[in-house]
Amino acid sequence: MHDLIAITPMGATDARIDTIKGMKIAERPDFALASVAARAGRETDTVDAAKTGLGLDLPPAGRFVTHAPYAAFWTGPEQWLIEAPHDSHENLADLVKAALGDAASVTEQTDGWVRFDLEGAECHAVLELLCNADTRRMKAGDATRTQLEHMACFVACRTQDMRFSVTGARSSAASLHHALVTAAQSAL
Amino acid sequence: MTQPNRLSGGRIDTGTALTFSFDGVDYQGHPGDTLASALLANGVRLMGRSFKYHRPRGPLTSGSEEPNALVQLRTGARQEPNTRATTAELFDGLTAASQNRWPSLRFDALAINDRFSNFLTAGFYYKTFMWPATFWEKLYEPVIRRAAGLGSLTLQEDPDVYDKGFRHCDLLVIGSGPAGLSAALTAGRAGADVILVEEDFLFGGRLNAETYGLTDTSTQGWVAMVMSELESLPNVRCMSRTTLYGVFDHGIYGALERVSDHVAVPADGKPRQILWRIYARRAVLCAGAIERPIAFENNDRPGIMMAGAMRAYANRWAVTPARTVAVFTNNDDGHRTAVDLMAKGVGVAAVIDTREDAPKIAGCEILAGAQVIDTSGRLGLSSIKVRRADGKVQTISCGALGVSGGWNPNVHLTCHQRGRPVWNEAIAAFVPGGDGPPGLGVAGAANGAFSTAAALASGSTQALAALDDIGIKGRAIDLPRAEDAPLRISAYWHVPGGKGRGWLDQQNDVTVKDVKLAHQENFRSVEHLKRYTTLGMATDQGKTSNMGGLAIMAELTGKPIPEVGTTIYRPPYVPVAIAALGGRARGAHFHPTRKTPSHDWAAQRGATFVETGNWLRAQWFPVAGETSWRESVDREVRAVRGSVGVCDVTTLGKIDIQGTDGAVFLNRVYANAFAKLAVGKTRYGLMLREDGIAMDDGTTARLAEDHFVMTTTTANALAVYRHLEFARQCLWPDLDVQLISTTEAWAQYAVAGPNSRAVLHKIVDPEFSIDNESFPFMACGEITVCGGLRARLFRISFSGELAFEIAVPTRYGDALMRRIMDAGEEFNICPYGTEALGVMRIEKGHAAGNELNGTTTALNLGMGRMVSKKKDSIGSTASEREGLNRPDALRLVGIKPTDSSAKITAGAHLMNSEGPVDAAHDQGYVTSAAYSPVLNSAIGLAFLKDGANRMGETMRLVSPVTNDNTTVEVVSAHFVDPEGGRLRA
Amino acid sequence: MRYSGLRVIKEALTGHRGWKPAWRNPEPQKDYDFVIIGAGGHGLATAYYLARHYGKKRIAVLEKGWIGGGNVGRNTTIVRSNYLLDGNEPFYEYSLKLWEGLEQELNYNAMVSQRGILNLIHNDAQRDAFIRRGNAMILNGADAEMLSVDQIRREYPFLNFDNARFPITGGLAQRRGGTVRHDAVAWGYARAADSLGVDIIQNCEVTGFRIENGTCKGVETARGFIGAGKVASCVAGSSSHLMAKANMRLPIESTVLQAFVSEGLKPVMPGVLTFGAGHFYCSQSDKGGLVFGGDPDRYNTYAQRGNLPAIEDVCESGMALVPAIGRARLLRIWGGNVDMSMDGSPIIDRTDIGGLYFNGGWCYGGFKATPASGMCYAHLLATDTPHEVAQAYRFDRFRRGNMIDEKGMGPQPNAH
Amino acid sequence: MIIHHPLLGPRDAQEFTFLGAATLIERPDWQAEDAQEQFHDYLHLRDNPAGEHRELWFHETGDRSWLVVTRNTLTHEITNVEMARDVARQKGRSK
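Chains A, B, C and D, in that order, give the protein sequences.
Numbered according to the working numbering, the first sequence spans residues 1 to 188.
Numbered according to the working numbering, the second sequence spans residues 1 to 985.
Numbered according to the working numbering, the third sequence spans residues 1 to 416.
Numbered according to the working numbering, the fourth sequence spans residues 1 to 95.
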């Protein structure tokens, strides 16, 4: 086993957590990610294989599903992002590839992203200062890709009104964090 | 302190006193006051100066359409020019100053312009100031510029923050007068998501300013009741201090919320304003109407204001501009002002009504069929001259005059998508033409329904119609009984005769005479009138002035008003602070910043960083004792060429390409052949645009039969990805190819130099051999490092040395960099930045951004032969056009100064050693230049006409703009190790 | 009638009764030697130079609306000749020289103000490119000057030098660049052309071309057929739309460029400023408004209005560069149709139809080109040969691969 | 503007990158007799209509789909949105 020490997208060894007037904004480096793209004409095979191999019903556009330890987001036509705990699934891409075989292309995405979870009663008030996603109408399991202070992000509703995750490009983690924190200070 | 013109009642909190200052004098007002109402209460009518003639000016209106009472609000970095005193909410400690005057508001030196007004008519400046030509910049213009302008900026950075926000609703209600309230209530009760926006800090609109309105219940009581119900509904959001400034496509509305303008300084972390983007499925415009003046001689003195404004000041703010007032009107609404002011104990000297059949008012002199023909009072109105119906002229002394020429429906927002209003003779005004923005209904006075009852009814009707459109069932609500008086008006625009000036646009000083002159000189189309006279180009966009100008032009041309036409109202409805439109994207946060995982490590070593595509990249790593960047860069280059160096190349675009047709796909998007690239091999690829011009280059590695990893330049990563998706989805939709960007997922480092293999031996796990046989130049593979961490290894070289690029999951990038540094210690490994990288690639003649400048072909780059003619690839056909293949086409060459101590300037142009130096004899230009510590000489890459055949030629290198010229020799672009022995070692 | 300071005084003292119409409103004749379609800046300038410099008579300019109502009536008033490529720089430098003598020639004060234009530089690659450009300008006889950050600080102390995302590292200045009162340009040319007998006919939309065996005989208009020896299209944003009536497809797409003006302010901006790391350029009008703009809306449109993303993008860039303008208010936004060509450079050329000529593809750079465009178009119409500084502006340059692509964006009009 | 994405519903046009006329899908055959002429027209000549226009938009900060949007260039009204991939197939494009 290698002995290299990982750092989070925010550049530290521990996840960054801020609490602003009851709103918790937590960096979540503890997930592994792998993208899945069905091979030409193999969408059904991919969906079936995901069901049998991972127990996941790959979701339709705008949705994500969870089936512990996995979760899957729709990211594009015939494309999904699979999520699992990093500690237990550091080699997620290999696991997913094994499950899907040649039905789909699988790409490791674990470190492509930074995820922040917003938790609190005022999620809408914060998010409406950041992006045009109509979070008030989002139910648990809704996910949308949108733009936030010039950054492309996923906004996913984990618990209606109460918990949202914002996932953006890892390299701009600090800019995304700054946007979330200033918006919270402004809104709350 | 007393407030001499403060009346009783009003919607202000007289229990609390607020102290404020205007032009250095302290006054008191109350919560609920605007700056204008508070100043009037204190007997101050003079609040500004006009633009051109610097005439004294007082408030004309009580709203955001105000052209006159503009002040500089606040001081220091928060100073804000051209703020309408009529909308500035009073707060304790407010400081305001008048503007566009010197030395003082009461005595303004430039008022001299007024004496010369006869010379300064519309467009006079187009006719003079032409001689001598150079005097314009030297003399005339500076004088004119200093005299022009209104308020001033401090030029300090605005310390406040501004937010942008996004809201969604089924129905957006714009304005909260009777129409707006009934619309919002109707939709709210129907369960629709409603947003109600109100420009004012009080909901209620005109109802706050009137004594008439509802007949059976208290107007104020009803407003309060409706608001409390709306506030209680979870599906309704009421936004006061929020101006709807623009209507954009497909139901996107721009609104500005003034969150903190009514306090001295925004609370910590809070924005001054929020720019809302409201996504509304439907909207109803309930913006009311704007009263219009009548032009007559000297109708611009402080104290002369709109009759409706005078009434609003009395009823809502308990203020009168003077103890004795008069009213000049052409319609019944003007009479309401007289009635209300009398009820407040203000003396009404007379009501001058242009109509012969003017109604009577008990206890008030009505002069029917009369007109105001002149006024006097230097800094404020003292008396008016009236021509009575019997032709006799009578002087009436009064401190204020309320003028009503009728009301214009506030059609502004209906024109934002070039809708044209139509003329309605009954109310002598333009009303929305029905060609407004899709999904935007209009109700109430904004639609010409002037009575309270009509406004209430139309608001509800419009709301129901809008909801029905989007499939929401609503029911009509019970509306209170309200006055339903018809507007009795007989159009009257200006008092004829007389030698003096009657003002139309009081801010820009456009008078009736100016319109006549424009007509005389054939500037008769509305747009010509506006542009020639500047009518309606003031900060109020002509809300109070355009109509009069049109009417007079109609008279002059003998056309009916609608045929003269209207100018187009454009966003914003009221001016919006530029900072609000900028939001948070300011200073260091203008754009996101992208950092590599070893950024902090590099920062700790004192690296200087440079921008590329929002990334920060280490440019060089200075060490103790180095005094110039050149020293650092030279050292880094020598270290790499001499032993080993490491460079963070994480920022290069990385695109994962999978699928059984991956090779076919690459073969089409790259100009050179890729079909036969073997697994475990990497190849350089040149990507062309369809027009045959080079777009990007990079290497692509084949990790498996159906798996490739493409690298792109840092700057083009996004554009290349978009381009590949276009090819995949639009050109060859059935190829089995999947693309995904993995730029962020992998940290990548170049380890370069003779000792690079030795260093990597200590990093790469032993089961993977990296010796020259098993891992030769251009090899690639998936490996593990440091005891099991998955990684990718590529044997590619930008520096021209024996080199590897090694990639690991980004979270381990920082650790790997430190590990490589440890492993390299025995070889004095040296971290190097983009500058050293640049020097080495120039030494090798590798093209980069400066060469791939969007105008160069493969031929120019010396890669003409790479473009395969045996296959179809993007750009190959167009690259054969004659103009791109001239015999003397530019070719990439190297240049060296004949005097090795001379420097080479990138951007300098090449000229033949003999002959003239000018554009006609231009031979080419330098794209990149550097000092090569290996050759101990400046070197450069250049595009030179027919360069391939001019090796050894001596040329002049000229750069007049930087004043350096030198003589150079044309050489091969491969300065170092042209045979490439080192990178294959 | 000649304009002068004395005249203004005389008229002032005699009640301004003597001022004559700046141009007539003639009835169209049944035919002309030259019919120019479009009374914008370029069309009017073409008519003026045809009559004045090429001694031609029987010239009409047909305008569907009011004169000067095209982009000359809605632009950001900048004139400059800071171009890079051989096909462009001589043309724009010629134009700038014509601007320099224009007011005296037209006897109309268009307020040509050579207050200078400054292109800011934010990184080394940009510096290299601007040095190359500055050299190309000087080698073509124009003026150019590289400024250091300190020099820029002295002239524009209020820029964001210290807390910038993309710090200013220098600038390329052209002192002879500046601004011109845009409407006055149209009026000045119209008045001068009219006085030479040119018929300027407003409210006369061209509805079609009469083409007989490959030759254009005249135009159908809202006011009937008007015969012509030569017909010259000069309608900027409507180019494709109009030429389609002659069954031509052009290397042009139309989009909208929004422009912005703030409320009047006392002078702050000495000259014209352009941001090198975002979409923002700015000057201040003599009336005091900050006149600024950025990039087009980037989608095809003829609607003459834009949308929020472009508006916010411009203001974000403005705030990033000049945070001191934050509390100034944006007064008005307008949009002009621009005919974006495939390489970002214009076309002044004959068409394959005899007697039918074309001038267009000015993208959003047409205003500064007005005098040279008029002169070169007049030259082409009068002599049937391209003017020496406009030889590159041919239709066939795309077929031959001789694009004039200043920005290097390729055949994607909205990117230029 | 709002673009009704066939899969994602209404999306702000700000999330998209505009390319140009949908005719860019119809890339000529490189082996045609008059390939040069065909590529010239394909690359450079446009109808550029004042009215209904079929055009390509890329959902840059969304799902990375290329869309063919039918939009009126005078009013900006959008009457149809299709997946570019489907349009390409209808045009007979395959591998």
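Simulated from the structure, these hints should not be mistaken for laboratory data.
Treat the hints with caution; some may be incorrect.
Said to hold, decoys possible - Below 30 Å or equal to it, Euclidean Cα-Cα: the simulated BS3-like pairs (lysine-lysine) are:
{"#": "1", "chain 1": "B", "residue 1": "Lys513", "chain 2": "B", "residue 2": "Lys473"}
{"#": "2", "chain 1": "A", "residue 1": "Lys139", "chain 2": "A", "residue 2": "Lys24"}
{"#": "3", "chain 1": "B", "residue 1": "Lys513", "chain 2": "C", "residue 2": "Lys20"}
{"#": "4", "chain 1": "D", "residue 1": "Lys91", "chain 2": "C", "residue 2": "Lys245"}
{"#": "5", "chain 1": "B", "residue 1": "Lys870", "chain 2": "B", "residue 2": "Lys896"}
{"#": "6", "chain 1": "B", "residue 1": "Lys360", "chain 2": "A", "residue 2": "Lys139"}
{"#": "7", "chain 1": "B", "residue 1": "Lys392", "chain 2": "B", "residue 2": "Lys516"}
{"#": "8", "chain 1": "A", "residue 1": "Lys51", "chain 2": "A", "residue 2": "Lys21"}
{"#": "9", "chain 1": "D", "residue 1": "Lys91", "chain 2": "A", "residue 2": "Lys97"}
{"#": "10", "chain 1": "D", "residue 1": "Lys91", "chain 2": "B", "residue 2": "Lys870"}
{"#": "11", "chain 1": "B", "residue 1": "Lys127", "chain 2": "C", "residue 2": "Lys245"}
{"#": "12", "chain 1": "A", "residue 1": "Lys97", "chain 2": "A", "residue 2": "Lys21"}
{"#": "13", "chain 1": "B", "residue 1": "Lys392", "chain 2": "B", "residue 2": "Lys52"}
{"#": "14", "chain 1": "B", "residue 1": "Lys681", "chain 2": "D", "residue 2": "Lys91"}
{"#": "15", "chain 1": "B", "residue 1": "Lys869", "chain 2": "C", "residue 2": "Lys20"}
Each hint, compared with the structure:
no., hint, verdict
1, B:Lys513 <-> B:Lys473, "violated, 56 Å"
2, A:Lys139 <-> A:Lys24, "holds, 20 Å"
3, B:Lys513 <-> C:Lys20, "holds, 15 Å"
4, D:Lys91 <-> C:Lys245, "holds, 28 Å"
5, B:Lys870 <-> B:Lys896, "violated, 38 Å"
6, B:Lys360 <-> A:Lys139, "violated, 64 Å"
7, B:Lys392 <-> B:Lys516, "holds, 28 Å"
8, A:Lys51 <-> A:Lys21, "violated, 42 Å"
9, D:Lys91 <-> A:Lys97, "violated, 34 Å"
10, D:Lys91 <-> B:Lys870, "holds, 26 Å"
11, B:Lys127 <-> C:Lys245, "violated, 40 Å"
12, A:Lys97 <-> A:Lys21, "violated, 43 Å"
13, B:Lys392 <-> B:Lys52, "violated, 34 Å"
14, B:Lys681 <-> D:Lys91, "violated, 37 Å"
15, B:Lys869 <-> C:Lys20, "violated, 69 Å"
Of the hints listed earlier, those the structure fails to meet are numbers 1, 5, 6, 8, 9, 11, 12, 13, 14 and 15, in rising order.
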